[in-house]
Amino acid sequence: MMPKAKFMIGNEAIAAAAIHAGVSVAAGYPGTPSTEIIENIKRLGQDVYVEWSINEKIAFETAYGAAISGGSGLVAVKHVGLNVASDPLFSSSYTGINGSLVIVSADDSSMWSSQNEQDNRFYGLHALIPVLEPYDVQSAYDLTMKAFEISRRFHHPVIVRTTTRIGHVRSRVVYSDDHEPQRGRVVKDPSTYVLAPENARNDRKKQLERWHSISDYLASLCSYDPGEGDAIIITGGISYSYVRETLDETGIHANVLRLDATVPVPEKTILKYVNGMKRVLVVEENDPVIEMQVADILLKNGIMVEFHGKDLIPMEGEMTFEKLKGGLYTFYGMKYEGSILQDEPLTPRPPALCPGCPHRSSFYDIKKGLSRVSMQNSFFSGDIGCYTLGALPPFREQDAATNMGSSLGISNGVFRSTDAVPVAVIGDSTFFHSGMEGVANAVYNRTAELIVVLDNRSTAMTGQQPSPSTAIDIGNVCRAMGVEYVETFDPFDAESGEKSIQNAAEYVKNTGKPAVVIAKRACALEVLDKIDSETPKAYVDQDKCTGCTICYNFFTCPSILPLSNKKATIDDSCIGCGACVEVCPFNAISVKGEKPVGWDEAWNA
Amino acid sequence: MERINILLTGVGGQGIITMGKMIGNAAVNAGVKVLVAETHGLSQRGGSVQVHIRIGDVIAPLIEKGRADFIVGLEASEVLRNLSYANKSTVFILNRQTIKPVVPSVNAPDIDAVVEKLQAFSYYIVDGEEMAKDAGNPKGSNAVIIGFMLGMGFFGKIPREAFEKAMITDLNRKCLNAGYSQALTAKNNGGSRPAITR
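Residue numbers (the numbering used here), protein chains in the order written: chain R, 1 to 605; chain Z, 1 to 198.
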């Protein structure tokens with residue numbers, strides 16, 4: 001029989017493997033580069049319970065609860081998302097599970113879409129959870145299957161760690177048949193799962209026993225390509241693919257040990273293959289996780305070799321041929337020449353808010369509203385979402401945006417140390433993720449801050465996953481938590497938006513209490529997805545346009561372009577939202593064309 | 001077998017990830033190994049985007065700097081931002097389109113200035129937008145350029161049928177064929193359209 005195969009991205013391969021391994025409960029919170037895992041399980045797993053949880057901690061606990069009950073659970077999050085879930089992560093290693101628990105950590109080396117490039121293999125070392133690391137898209141499939149098997153066999157959680165060039169690389173993948181989802185049944189075992197100190201101490205002993213048996217088992221999860229000479233390259237993850245291709249191409253006949261489990265590095269394996277070698281080079285992306293473990297094993301066993309790792313292979317950024325060859329050639333006493341040509345220094349092209357994005361209007365309204373009360377130079381405590389782009393000119397309305405939900409905690413500290421009223425800006429999905437606690441804190445500790453929730457009815461940045469805001473009213477949540485000033489405005493209605501901001505800012509200054517203003521209008525991409533027919537278009541009346549530049553230099557919709565005479569024109573990318581109409585002081589912009597069916601409903605969803 | 005390294009560059013929203021998928025699917029249809037490396041998330045919104053396509057006997061996903069055989073600019077100026085991937089034999093394929101960065105007081109790059117910087121290389125300019133519109137699919141410039149590269153023989157042994165099968169819609173197939181014919185005209189040097197320069 002011909003094996004089944006499909007061209008897919010790594011994240012789809014992980015999703016398919018989870019389904020084929022019998023996952024019955026899968027949960028996550030959207031975050032690049034992890035998002036397509038849950039999306040694909042939703043799409044492909046007919047009998048699997050799949051949810052977007054409100055944050056990674058809940059997602060983790062959901063999969064954990066399923067595994068406690070004997071079911072097969074999967075949680076998929078981006079690297080920084082695992083920080084949010086780190087509390088139950090550690091507990092899961094203590095209690096173990098009855099079924100299987102696979103944690104996919106999608107790390108973002110090079111920070112293509114993240115605030116850092118933390119190496120989550122450290123969570124494995126820290127929490128005593130084994131880490132399997134795919135080296136290509138096919139192995140992402142195979143090792144995810146393996147992770148479920150190991151987890152069920154040892155009753156212990158397993159981490160599958162990918163980086164961007166695993167999850168977001170497309171390749172042909174050979175796959176197997178679906179497995180019936182493995183569901184659980186209610187298990188009552190409080191002496192294991194209630195981590196009161198006495199139970200936890202017992203669990204700790206069992207955890208260490210499991211850890212040692214798993215370490216022994218993982219000794220088989222590796223592959224050795226014998227070469228020539230007394231040098232060995234030890235590698236794992238995507239780095240292996242670069243090593244293998246480079247050696248094949250250059251004809252360097254190195255001995256290569258590929259570890260598919262990079263935490264814990266099995267001692268037996270290292271002793272077996274390093275024995276007789278005089279020189280060792282560890283090649284891995286990001287931090288020296290394999291390197292530290294191998295060095296430790298060699299030291300304990302009194303093995304002296306010439307040892308290299310991060311002294312030759314950079315820690316910063318994702319693995320590339322340039323980084324590998326730079327280190328590998330030095331290891332072999334050669335010189336890597338690299339590319340002769342340099343990139344041209346062009347004007348940077350940062351990502352931009354889309355045509356029709358309500359956030360652009362909100363930032364415009366916020367700035368104008370604040371300037372009415374001389375607060376335009378406030379500290380803007382930002383957060384994570386499309387609206388982080390509000391940090392860029394011309395808005396510059398994010399002075400810090402460090403982690404999910406950071407806007408409210410940071411603004412509290414800024415206020416406490418400066419007495420200046422800050423403006424916290426947070427999106428709707430982020431509000432439910434980890435913003436609500438900050439609002440409660442602001443009420444409880446009486447923080448004088450203006451909280452602006454940019455509610456675009458979706459988790460937009462990661463591809464418009466649904467947001468809890470469509471089911472739970474943010475204003476009601478804030479009122480219930482004791483916020484006395486709550487107002488909602490439509491960001492496309494500039495005059496009332498500016499007024500709302502002004503009034504709320506005055507309230508905060510006068511009372512010393514927090515105020516919440518909600519800017520509510522749907523994500524433009526979400527609207528376009530709902531509309532089949534042609535959208536209206538905005539036009540500039542060239543007779544009325546004075547070339548004042550406000551629309552393209554201060555509002556900066558990508559559809560509005562300057563002409564050589566400084567007047568404005570609007571191109572085909574316009575979606576006819578009409579937000580620019582009010583922005584023009586000379587009434588030169590108007591929208592032409594019929595509103596499609598469902599247009600207003602879509603914007604006001 | 002031979003390796004082909006193709007770097008697609010452009011601006012988020014132009015259909016660059018779809019273009020990578022189409023080429024990838026064609027290779028798979030022909031039974032040829034292919035890796036397509038994409039970036040998602042923030043990079044989709046009007047920012048610079050690169051897609052690495054590696055065809056043939058390849059293992060690692062990213063192209064080595066200085067080793068791209070072809071650099072495609074769906075937005076013409078973006079190829080310059082990625083010049084370190086080129087060597088003296090690299091062939092550039094430019095879509096006749098430039099896009100203004102969404103930054104205040106900055107204009108769209110000038111395509112002549114882009115071409116000026118490429119004088120040491122082989123390059124082609126394709127009227128992707130116009131040809132796609134003529135074919136009835138204003139968003140099909142990516143398929144036009146694939147067709148052009150196919151007509152030029154840039155995809156090695158992957159046959160035309162594999163690409164036709166990789167086009168999901170008939171309109172995209174029309175764009176592909178338009179690009180293909182354009183390449184044949186260019187090769188015969190008797191083109192009536194001044195769309196292509198070398």
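Note that these hints are calculated values from the structure, not bench results.
Incorrect hints may appear among the rest.
Calculated cross-link-like contacts (lysine-lysine; reagent style DSS-like; alpha-carbon spacing at most 25 Å) [what the hints assert, rightly or not]:
{"#": "1", "chain 1": "Z", "residue 1": "Lys100", "chain 2": "R", "residue 2": "Lys566"}
{"#": "2", "chain 1": "R", "residue 1": "Lys544", "chain 2": "Z", "residue 2": "Lys139"}
{"#": "3", "chain 1": "R", "residue 1": "Lys325", "chain 2": "Z", "residue 2": "Lys133"}
{"#": "4", "chain 1": "R", "residue 1": "Lys335", "chain 2": "R", "residue 2": "Lys325"}
{"#": "5", "chain 1": "Z", "residue 1": "Lys100", "chain 2": "R", "residue 2": "Lys537"}
{"#": "6", "chain 1": "Z", "residue 1": "Lys100", "chain 2": "R", "residue 2": "Lys595"}
All values reported here derive from a predicted model rather than from experimental measurement.
Here is how each hint holds up against the structure:
1. Lys100/Z <-> Lys566/R: Judged against 25 Å, a Cα distance of about 14 Å means the pair holds.
2. Lys544/R <-> Lys139/Z: Roughly 32 Å between the alpha carbons, so the hint for Lys544/R and Lys139/Z is violated.
3. Lys325/R <-> Lys133/Z: Distance ~45 Å between Lys325/R and Lys133/Z Cα, so the pair is violated.
4. Lys335/R <-> Lys325/R: OK: Lys335/R and Lys325/R at ~9 Å, within 25 Å.
5. Lys100/Z <-> Lys537/R: 19 Å, holds
6. Lys100/Z <-> Lys595/R: Not OK: Lys100/Z and Lys595/R at ~28 Å, beyond 25 Å, violated.
The structure is inconsistent with the numbered hints 2, 3 and 6, although it conforms to all the rest.
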